[in-house]
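Participant: Quick note, the sequences are listed as chains X, F and B, same order.
Residue 1 is where the first sequence starts when you use the UniProt record's numbering, and the numbers rise one by one after that.
Residue 1 is where the second sequence starts when you use the UniProt record's numbering, and the numbers rise one by one after that.
Residue 1 is where the third sequence starts when you use the UniProt record's numbering, and the numbers rise one by one after that.
DEER-style ranges, computed between Cβ atoms:
| # | chain 1 | residue 1 | chain 2 | residue 2 | range |
| --- | --- | --- | --- | --- | --- |
| 1 | F | G56 | B | R45 | 34 to 42 Å |
| 2 | F | R34 | B | S595 | 51 to 59 Å |
| 3 | F | R7 | B | M708 | 31 to 39 Å |
| 4 | B | E248 | F | E86 | 38 to 46 Å |
| 5 | B | S775 | X | T146 | 41 to 49 Å |
| 6 | F | M1 | B | N477 | 46 to 54 Å |
| 7 | B | S775 | X | D205 | 43 to 51 Å |
Think of the hints as simulated: they come from the structure by calculation, not from any bench.
Quick reminder that beta carbons are idealized off the backbone N, C-alpha and C, glycines included.
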Amino acid sequence: MKPAAFDYHVPSTAAEAVSLLAELGEDAKAIAGGQSLVPMLALRLAVLEHLVDLRRVEGMRGIERRDGSLWIGAGTTQAAIERDAEVASAVPLLARATPLIGHFQIRNRGTIGGSLAHADSAAEYPAVAVALDARLEVLSPRGARTVPAGEFFHGIYSTALEADELLTGIDIPVWDGRCGFAIEEFARRAGDFAIAGAAVAVQVDGDGKVSRCGIGLLGLGSTPLRAVKAEAAVLGSPAADVAPADVGDTAMATLESVPSDLHASADYRKHVGAVIVARSWQRAVREATDA
Amino acid sequence: MPEVQIRVMVNGRPRTATVPPRLTLADFLREHCRLTGTHLGCEHGVCGACSVLLDGEAVRACLVFAVQADGAEITTVEGIAAADGELSPVQAAFREHHGLQCGFCTPGFVVSVTAFLRDNPDPTDEQIRDGLSGNLCRCTGYQGIIEAVRAAAERPAEHTRTAGT
Amino acid sequence: MSPLAQPNGTATGAAAARYSGARVSRVEDARLLTGRGTFVDDVVRPGMLHACFVRSPLARARILGIDASEALALDGVHAVFTAEDLNPDVREQWYTLTGKDVPDTPRPPLAEDEVRFVGDPVALVVAEDRYIAEDAVELVSVDYDPLPPVVDYVTARDAEALVHAGYPRNVAGETAGRPAAELDPIFDGAPVVVRETIYQQAYAPVPMETRGMVAEWSAPDGELTIWAATQSPHEVRLFCSRLLGLPEHRVRVVMRDTGGGFGQKVMPLREDMCVMLAARKLPAAVKWIEDRRENLMSAGKSRHEHGDARMAFDADGTILAAAMDFVQDVGAYPTPWPVGTAGVIGMLFPGPYRIADATFSSTCVFSNTTGRAAYRGPWQFESVAREVLLDIAARRMGMDPADLRRKNLLKFDDLPFSNPNGMGVYTDVTPLETFEHGLTMLDYDAFRREQKRAREQGRFLGVGTCSYVEPTTAGMNLLSTEGATIRIEPSGKVNVYVSGGSSGNSIETTVVQLTADALGVDIADVNTVQGDTAVTPFGGGTSGSRSGSMTAGAVAETASVLRERMTAIAAHCLEAAVGDIDLIGGRAAVRGVPSAGMSVAEIAQIAYFQPDALPPGTPPGLEASGRYRAREPMIWTNATHVCTCEVDPVTGAVTILRYIVSEDCGPMINPNVVEGQIAGGTVQGIGGALYEHLAYDEDGNPVTTTFMDYLLPTAVEVPAIEYGHLETPGPGEGGYKGVGEGGAIGAPPAVVNAVADALAPFGVEITRLPITPESIVALVRGAQRTVTG
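The shape of chain X in the complex, shown without the other chains (with noise of 0.2 Å):
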């Protein structure tokens, strides 16, 4: 199980990346941790002409509160995410979700860039970005842009980066007042990409309503989805009054391309994932209203 040969690039800047991605087409790649790359490219599922290493391009890692949301370098590690305070603080939804990616392994390595570019439906960031409406940063030679995270997943591995595009950043929203998060996920073991997975944020009013509200959804679509349809059910609800259950199964009633496996059916998954987003609203809730 070895790899095919390709070309090794290493620019030492984003700029130089791109200009580099541009040239060589659709048979280079952007590498980063490669937790996700290394295994396609060793099965020889995916074969590349050229890999564009991105471990020496400056400015590419760490985490910055700035106004009103927290900023991560694609670059960083899932580990470094784990073990920051400030995101344990702004984001707990994204330092919760951290954990549960693979093993710890697998974290020392993979990138948050990485994970979200490779856009794995039952990954665990990407459903966080949706759900918290994160700004995804993308230079290419032609520029930089912002693509919010709703928009940047297209489908089974595919994404709205073009070929010379590389995302550099996260922006995401830091949620204030009484707010609380959960992200629950069932699988076939620890550490195995959830069969059924939601990630719950929510925010309540003074009088107990819900204010504010993201449920990202993983392993239960071509993308990672936003339950929009529950998330405007519950909206300005007393959160207290709102049925676990009915959020969760108004969270499956539009799903479409549900995957299905040997592990799970899309019925299964479509059956536990209502389960896991009503008890993963409840954590939610729970947390909001004890704020």
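Model the placement of chains F and B on the given structure of chain X, informed by the hints.
Facilitator: Just chains F and B now, with coordinates in the frame of chain X:
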């Protein structure tokens, strides 16, 4: 596909080599450095048998290309015991608690647990199991391994000596 | 409660056991913990080449042509072999284990006219390294004419297509017990008959080290040296010598460390044959290391079978008769010949119960999938079918399953007891005793109370058991004997040579412990040399739970000769009677005279360097070889597994709460080793019950060829295992019995029964494995529909 020169520290010794970009770090260590303690159990990042310390952090050597390790410090299982062959506290605990049988997965466990206990010197049983879940063993049913980690954790002063990088 | 007995010593005059029975640290560990083991992939030879197989992407197809020209043109490629090149060189192809007279199933090295499963080896590429070999594999162009495959063994007997033309209805072989009609009166007249079809999915041994071999041909000497990942170096040598027509002494097989086998490495498979055949056509050694995808695609499957199982009961739960019609999937190229073992599954179905009347039929069916291969407890389905059926029967009869078993389980005092299907006579086993021991360890009654309380709170706990007897240490063919050579060197240090070879079974430690005890020397003064056919005595290898028990015999036979010689020399030198000499602590001492004695080193000096000082008639040197012959056709071992779990009926999640194994493998040579074997097997069985599935899609494509899809249990999924030991001596040397396989036999039924017990309030039964969260939810929802609809 042009080869690339890399310079790494392996178990404390500098090493320069020219490698094809597709050579995995695991194969570099096994074939070029002749450090065959790093084992290939799956080559797609699941079993953990090839775990090594890369700049002190446990990683799957099958999921890193040797070229990506340029400039890094690498510790393999061969670098865990003392120079005179004395087992590290983690290794000694594995031996004492029947934490290995065929020994094929063992180097990956030794390396991973060494890093795990350095970062989690006083783990709960649940943390131990979670910390071990990235390494697969088919012989022991994990019973002796879990006991070994628990025992090694009870000797924190000793294991930091060898876990430091 | 139990016939607990002491180890029955070896022979008279044996040194006191200091190490047997103790939790001795393993001698294998130091090298393995420090990365200094020598697994086959660690072997490097001058100019060594690397092999990789071209494998079929189709489940069944005619091979119209193979074009290797592009691959051969690639820089670094040495050769591409096809069936035309290798297969005609086969002289004889049969395994010592099964003998040459069984009606063996086909087994060509490379596929000839037809490919028969996805992964079927079609060509062998040899290149300078594995990277280039894999590049070249992609350049070998094979023209296939697809044929409709036989994917599902269940319907294969009615399929139009044949996997092998010579086997009508795709049946590889059948065996049966007495005519089922003879049991009809019992079944017809019984107050209760319980009958279920129980199905078990395919799963596999999955050693962490895949298969692999290095073969080096030395044309000038006519010698072939093989480094192999194997459980049986001598079987590899014999097989290879026959395959290539080489004299046995011109083949040398070496293995130092094998990374687990569990049956998969018990005999050379088709790829191994190809490497052996190719070696003589290459200028240097060739290494083939299977990758994990190949391992999960082509190294064979196990389990995958179903049985129409039925038992007749008296009104009080007494079992009156047991019968099973059993069908198993043997894939395209089973190894070894599967029909005999399939028969054993039928014969063992009555298990450790007082059942007088029984019968069975066993049918092996080909399919276009990877071949059936040996796996730890190859007859394990007998326990799955029986124990699951018994729990179902207990629920139907309104009995506690423990009471149903108590009524029927054999106890030590019932022995000897003849297996009603003719599978020998059970002796020296303790089924009821281990059962009671296991339930006591759990506190079964307390668990039932806890279960009741939990149900009242809407939580679903369950308990399941499995009791089995298994034949270990089979004494036939390849496995009839085991040899040892012991050399007490001139310094008094000891080398002991046995076939053995470390494959996870701790056989080096076992041999060192036994030898130190047998010679009365310090364990640090004993070294063992294993796994090299050029220097070790012939031995059958690691299979069938025999390594410890047979090697113990070999060591005892051999050590007794040396003990006698050392005693004679010491008695002569010390002017004492032979009968007054004790060998203990590395010395020969005169009993009752603490000051009189001499060290083993002093005795060795005389034996090697002062032959004139030897007593008359005593041969010089301290070197002996001995060979142990199995005393019985098999040694019975038994155990009871007890599992408790909690099931979330909403998601289908299963959490194992406690896991107890109460077993009786006779006196334990090393409890750590015994428990390690039990734990490893048990976790494999838990994997089989809940996680592992070597699955195919409808077209015959394997869908679990990575560790992302084939789910091995991790440290998070497994429970803490609690052990109970009864030590009833068996009929072999030291009373030792086999213990390598049992865990994998007992665990699946115990887990299934625990889950089914937890779900009993829903009125569901589990008759299909694996139990997945989805399957549990489907059962619960189905039952609720039945109730409400």
